[in-house]
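Chains as they are written, first to last, in our numbering: chain A, 1 to 309; chain B, 1001 to 1289.
These are calculated hints, taken from the structure and not from any lab test.
Remember, predicted model here, so these are calculated numbers, not experimental data.
One should not assume that every hint holds.
Unchecked claim - Beta-carbon label-pair distances, calculated as ranges:
1. K1028(B) with S7(A): 50 to 58 Å
2. R268(A) with G1027(B): 43 to 51 Å
3. E162(A) with K1098(B): 39 to 47 Å
4. G237(A) with Q1072(B): 38 to 46 Å
What the hints assert, rightly or not - Here are the simulated lysine to aspartate or glutamate pairs, EDC-like style, with alpha carbons at most 20 Å apart:
5. K1208(B) with E162(A)
6. K1023(B) with D1188(B)
7. K1106(B) with D301(A)
8. K72(A) with D1272(B)
What the hints assert, rightly or not - Computed footprint of chain A on chain B; a stretch qualifies when at least three of its residues, placed anywhere within it, have a C-beta under 8 Å from a C-beta of chain A:
9. 1009 to 1017
10. 1022 to 1030
11. 1042 to 1049
12. 1137 to 1144
13. 1211 to 1225
C-beta atoms are modelled at their ideal positions from N, C-alpha and C, and glycine is treated no differently.
Now for the letters of each chain:
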Amino acid sequence: MEAGTLSATIFRFDPSVDDAPRYDAIEVTREPMMRVLDVLDAAVDECGLSIGYRYFCGVKRCGMCGVNVNGKPVLACWEAATPGMVIEPLGNMPVIRDLIVDRGAFERATIELEPRLVRRKPYASFPERYTHGDVAPTFPLMNCIECYVCSSTCPAVAGGVESEGRRAFVGPGTLVQVAKVALHPKDELDRREMLEDASIEDCMSCFRCEQVCPVGIPIVSAAIMPLRGLAASAPRGRARFPQTFADNVRSHVDVHSASLFIRAKGWRGALASLPLVLRMLVRGKTRIFGRAGTEAKRRVDALFRAAGS
Amino acid sequence: MKFAYYPGCTSKGSTREADVATKWLAGKLGIDLVELVDAGCCGSCEVKAINPTLHFMLNARILTMAAEQHLQILTICDTCQANLLHTSRRMQEENDAKRSLLERLKAAGVTYGATPRVRHLSSVLVDEIGVDALRGRLLRSLAGLRVAPFACCHSFRGPGATAGSRDVLEALVALSGATPLPVRVDSDCCGFHILMVNEGLAMRTSAKFLARCAEAGAECIVTTSPLCHTALDIYQRRTEQVTGRTFGIPVLHLEQLLSLALGAAPGEVGLDRHMVSTDAVVRHLQVAA
Chain A
1 MEAGTLSATI FRFDPSVDDA PRYDAIEVTR EPMMRVLDVL DAAVDECGLS
51 IGYRYFCGVK RCGMCGVNVN GKPVLACWEA ATPGMVIEPL GNMPVIRDLI
101 VDRGAFERAT IELEPRLVRR KPYASFPERY THGDVAPTFP LMNCIECYVC
151 SSTCPAVAGG VESEGRRAFV GPGTLVQVAK VALHPKDELD RREMLEDASI
201 EDCMSCFRCE QVCPVGIPIV SAAIMPLRGL AASAPRGRAR FPQTFADNVR
251 SHVDVHSASL FIRAKGWRGA LASLPLVLRM LVRGKTRIFG RAGTEAKRRV
301 DALFRAAGS
Chain B
1001 MKFAYYPGCT SKGSTREADV ATKWLAGKLG IDLVELVDAG CCGSCEVKAI
1051 NPTLHFMLNA RILTMAAEQH LQILTICDTC QANLLHTSRR MQEENDAKRS
1101 LLERLKAAGV TYGATPRVRH LSSVLVDEIG VDALRGRLLR SLAGLRVAPF
1151 ACCHSFRGPG ATAGSRDVLE ALVALSGATP LPVRVDSDCC GFHILMVNEG
1201 LAMRTSAKFL ARCAEAGAEC IVTTSPLCHT ALDIYQRRTE QVTGRTFGIP
1251 VLHLEQLLSL ALGAAPGEVG LDRHMVSTDA VVRHLQVAA
């Protein structure tokens, strides 16, 4: 690298003409405080490359400039450029051209899940009164800039497949939009079945979305967990697992995996896993009887009662 | 060195070898473990979805059981560690949320006092005993063994994360003489928490990591989480069935790997209890230089 220059490698692919992606190595004039976005601009202006990339605001508001830099999903407008960086499109989305990805699947899912307050009763007053407590659950979510950087690296999205009318996991970015209204005190729509249709139970609680969120939203804790709590009581029972788990802890103190397995999968599902269960039994990897004593059960049950469960 | 030992549900159930290996290792290193009997589940990732207050209360009760004995808590499960650590952070705040928790705990018969320090065994080994002191006690080496360390997501991200936990795991793998390989990427997950909900998705997810292990020539995976161990070892054959690939990669608990290096016989630390054969690891055992 020459003094005063910065090198980078950029993913290039136009599905309408290219058989396979390629990588262009570039070297641009190094400027102080250079961002990834500045390097892309310089690649066009100085190197004459017709790279496809997308942004509108350049100041972390529009959420349009998401890219992977050295495998890490970031906003190009907010990430410092580093020598030798590799810039690639976000994952979990089809490439339209070069660094531009098709966010359509996530955006359509968001729209289908009605991310708007549904009000049926007349307003009590105008302006309406809100307390801090009223808005506390949705407050951290309002910073979302809908960049879908979180969904681009979610393992449940990556491995999701649609099957037998069951939708693949819609992703954390979409669920944040739903949580903004579902956790709002004025929302009057029963969203539980909708959340089942979003396959919310597929969230692996890996916190990857929280790790990468450019605006620091605690996505799992503040959006997905409360939505899973709502969905657990949905009539079809598809997202019931957290309640089944909690019931298991209440009955057994320690998780009793054999009964949890049967409750979660049903007898038919459990029987289908019989070879696995038998191998586990042979290796002493499952307990038939729980370990906890009566006194421990009483104490844990008291916690459930005091917590209002 | 004495700790209140909280093994967690899985180490007392489907990965009992983790508990066995921990006790062997603690005995060898002079760590006195006072097991918290009937402490119950930490709530994993499910109870907090249903009732976050209950989640904190379950963990606060466990913290109280250690505090009553004036002991720090020692965990061997990254998820238990994260939940207890998150709760201990919450209980050190002074706000209405904490006061409300204290009242509810009192109503349930739990008098919450001091907040004990919560520590994963791996960090105790590094911070209290030290890598150099441990190295001086090694009887055997696993030199030549190519290991893919797999730290649980909950150890390094989320509200109960511990800074540097992945470095600690890697340093302890290297201590055994094995060669840690940078196989795990940040978007990896073992899929444990959806095993009972969407097994196919869990298998496809863990298969990505297992496939990368195979491509990197990893002969073994080492983890600090019994939950990840469950997904990667117990379900590995199911993963092979779902994805049509063959892996056969043994998965060791960190406590087992270190115990082997400190002279444990494979049977003493439960290597015979694994679903994927650990013979390839045992073959690497040699006298330390």
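Pair hint K1106(B) and D301(A), alpha-carbon separation not exceeding 20 Å = Roughly 14 Å between the alpha carbons, so the hint for K1106(B) and D301(A) holds.
Within 8 Å of chain A (C-beta), three or more residues of the segment 1009 to 1017 of chain B = Held - the segment 1009 to 1017 of chain B has 7 residues with a Cβ nearer than 8 Å to chain A, which meets the minimum of three.
Return holds or violated for the Cβ distance of R268(A) and G1027(B) against the range 43 to 51 Å.
-> For G1027(B) against R268(A), whose Cβ atoms are near 45 Å apart, the range 43 to 51 Å holds.
Are at least 3 residues of the segment 1042 to 1049 of chain B within less than 8 Å of chain A when you compare beta carbons?
-> holds (count 7)
Going straight from one Cα to the other, do K72(A) and D1272(B) come out at no more than 20 Å?
-> violated, 39 Å
Annotated coverage of the segment 1022 to 1030 of chain B by chain A, confirmed only when three residues or more have a Cβ within 8 Å = violated (count 0)
Could you grab the alpha-carbon distance between K1023(B) and D1188(B) and see if it respects the 20 Å cut-off?
-> violated, 30 Å
Determine whether the Cβ-Cβ distance between E162(A) and K1098(B) falls within the hinted range of 39 to 47 Å.
-> Since the Cβ atoms of E162(A) and K1098(B) sit about 44 Å apart, the hinted range of 39 to 47 Å holds.
Hint check for Q1072(B) and G237(A) - Cβ pair distance inside 38 to 46 Å | holds, 41 Å
Count the residues of the segment 1211 to 1225 of chain B with a beta-carbon closer than 8 Å to any beta-carbon of chain A: does the count reach three?
-> Since three or more residues must qualify, the claim that chain A covers the segment 1211 to 1225 of chain B is violated, with 0 doing so at under 8 Å.
Claimed coverage, the segment 1137 to 1144 of chain B by chain A - three or more beta carbons nearer than 8 Å = violated (count 0)
Regarding the pair K1208(B) and E162(A), is the alpha-carbon distance no greater than 20 Å?
-> holds, 19 Å
The earlier numbered hints that this structure contradicts are 6, 8, 10, 12, 13.
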